[in-house]
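The whole structure should be built from the sequences, with the hints applied where relevant.
Heads up: the sequence lines are chains A and B, in that order.
In this text, residue positions in the first sequence follow our numbering: the first is 53, and each later residue adds one.
In this text, residue positions in the second sequence follow our numbering: the first is 53, and each later residue adds one.
Treat the hints as calculated values from the structure; they're not laboratory data.
Please note that a few of the clues may not be correct.
Copies of the same chain are indistinguishable here, so a pair counts whether it falls within one copy or spans any two.
[What the hints assert, rightly or not] Here are the computed lysine-lysine pairs in the DSSO-like style, where the Cα-Cα straight-line distance is at most 30 Å: (1) Lys-166 to Lys-69; (2) Lys-178 to Lys-60; (3) Lys-75 to Lys-119; (4) Lys-198 to Lys-166; (5) Lys-166 to Lys-60; (6) Lys-201 to Lys-69; (7) Lys-198 to Lys-226.
Protein chains: 2
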Amino acid sequence: MSSYTKQKLNKVVRGSKRATYNKEAINQILDAGFIGFVSYVYEGTAISIPMAYSRIGDKVYLHGSLKNRMLLAAIEAERMSMTVMHLDALVLARSGLHHSVNYRSATLFGSLVKIEEREKKVEILKSIINYMVPDRWDSLRPINEKEIKSTLVVEMSIESASAKIRDVGVQDEKEDYDTDVWAGLVPIRQVVGDAIRDEMMPDHIKTPEHIINYVNNNKN
Amino acid sequence: MSSYTKQKLNKVVRGSKRATYNKEAINQILDAGFIGFVSYVYEGTAISIPMAYSRIGDKVYLHGSLKNRMLLAAIEAERMSMTVMHLDALVLARSGLHHSVNYRSATLFGSLVKIEEREKKVEILKSIINYMVPDRWDSLRPINEKEIKSTLVVEMSIESASAKIRDVGVQDEKEDYDTDVWAGLVPIRQVVGDAIRDEMMPDHIKTPEHIINYVNNNKN
Numbered sequence: 053m054s055s056y057t058k059q060k061l062n063k064v065v066r067g068s069k070r071a072t073y074n075k076e077a078i079n080q081i082l083d084a085g086f087i088g089f090v091s092y093v094y095e096g097t098a099i100s101i102p103m104a105y106s107r108i109g110d111k112v113y114l115h116g117s118l119k120n121r122m123l124l125a126a127i128e129a130e131r132m133s134m135t136v137m138h139l140d141a142l143v144l145a146r147s148g149l150h151h152s153v154n155y156r157s158a159t160l161f162g163s164l165v166k167i168e169e170r171e172k173k174v175e176i177l178k179s180i181i182n183y184m185v186p187d188r189w190d191s192l193r194p195i196n197e198k199e200i201k202s203t204l205v206v207e208m209s210i211e212s213a214s215a216k217i218r219d220v221g222v223q224d225e226k227e228d229y230d231t232d233v234w235a236g237l238v239p240i241r242q243v244v245g246d247a248i249r250d251e252m253m254p255d256h257i258k259t260p261e262h263i264i265n266y267v268n269n270n271k272n
Numbered sequence: 053m054s055s056y057t058k059q060k061l062n063k064v065v066r067g068s069k070r071a072t073y074n075k076e077a078i079n080q081i082l083d084a085g086f087i088g089f090v091s092y093v094y095e096g097t098a099i100s101i102p103m104a105y106s107r108i109g110d111k112v113y114l115h116g117s118l119k120n121r122m123l124l125a126a127i128e129a130e131r132m133s134m135t136v137m138h139l140d141a142l143v144l145a146r147s148g149l150h151h152s153v154n155y156r157s158a159t160l161f162g163s164l165v166k167i168e169e170r171e172k173k174v175e176i177l178k179s180i181i182n183y184m185v186p187d188r189w190d191s192l193r194p195i196n197e198k199e200i201k202s203t204l205v206v207e208m209s210i211e212s213a214s215a216k217i218r219d220v221g222v223q224d225e226k227e228d229y230d231t232d233v234w235a236g237l238v239p240i241r242q243v244v245g246d247a248i249r250d251e252m253m254p255d256h257i258k259t260p261e262h263i264i265n266y267v268n269n270n271k272n
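Structural data, given as structure tokens:
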């Protein structure tokens, strides 16, 4: 574990006191979610699309259909960036311009390769499912050859990255502390509700432990 | 109210049955949040950065420091794209590749101008604060000339947009419905906690109605 080198691309210029290049901090942000905003250039315009991902070590994995416009453009460019953000609180200050949010955000830059090897593709698809809900993959109908062949799997080696974390209270202009404006934080979090069984499922199938655990761990 | 024209840039190719170009549907997705992933090209690489926004009619507003790298690059390019996504559920199917999420996502493309006129800048900054927490702006210490001058305000005219909405249950391969795999949805939502008063605030300042309302409306 160490840090990513500060370079032109990943250097945080605005709000640099909230920036970190520490790999462990960045990995924690990645592991706290499973949807990233993947950016690519299409017809000269930058576009970002939310996609499911997984992380293994310094690599991030994505998958899609063989015709996925974004993944094909990224593979051709051999490079990609992805941003993951978690919103933690509204920061409501005494003046408009000191309003902010508490958040954890990571932006990754890296080189991209298409994974062709069968076993590695399966391992990666397993990691993406289990990144969403731990231990789910082994409970599923096994993947078949047609599915493996028809899925595009890409590996991004993280070469450069930065994170920004804001986790402090309201910071106002000194003279504004004397005003009568209400200031404070409103915490925000993502929670899950009780699992809803597929109606097509026979009654004898009980809710498995990995689902019970996932719901309990993410309820509040 | 009508729809955005389907063009090369905004046309949804993959999963097109979940796509909509309807302005009202797209505006609803925008109005349900206040953080968008704004994409820009920097040194040939597409990057996306989360930013607060507001929407008024067919226009989206952003603000930042006068030195904000992203906004300056976007103003120079005179074009921008922004994506907003709300995650509604995990869709846990019987096979790995039918796993999905229920979500509402909108991607906007538009031309960009910098707003220079004082009154309009203030109106836009007000709209951004009130987009985050309704009715907050008028309770604040009024913005001053120095703050207005030192803030970059940009207006994006939405010229093209598309949304994707998935809001249905598990969809598996026909033959997989006979398996014993547990399938279903896990609802996901963003909730707020009780407001946390800034410790520097004198006791006589009571929690204002706009904060009580905001917390109550977003608690569950």
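(request) Starting from the hint list further up, note which numbers the structure goes against and sort them upward. (result) Hint 2 contradicted; others consistent.
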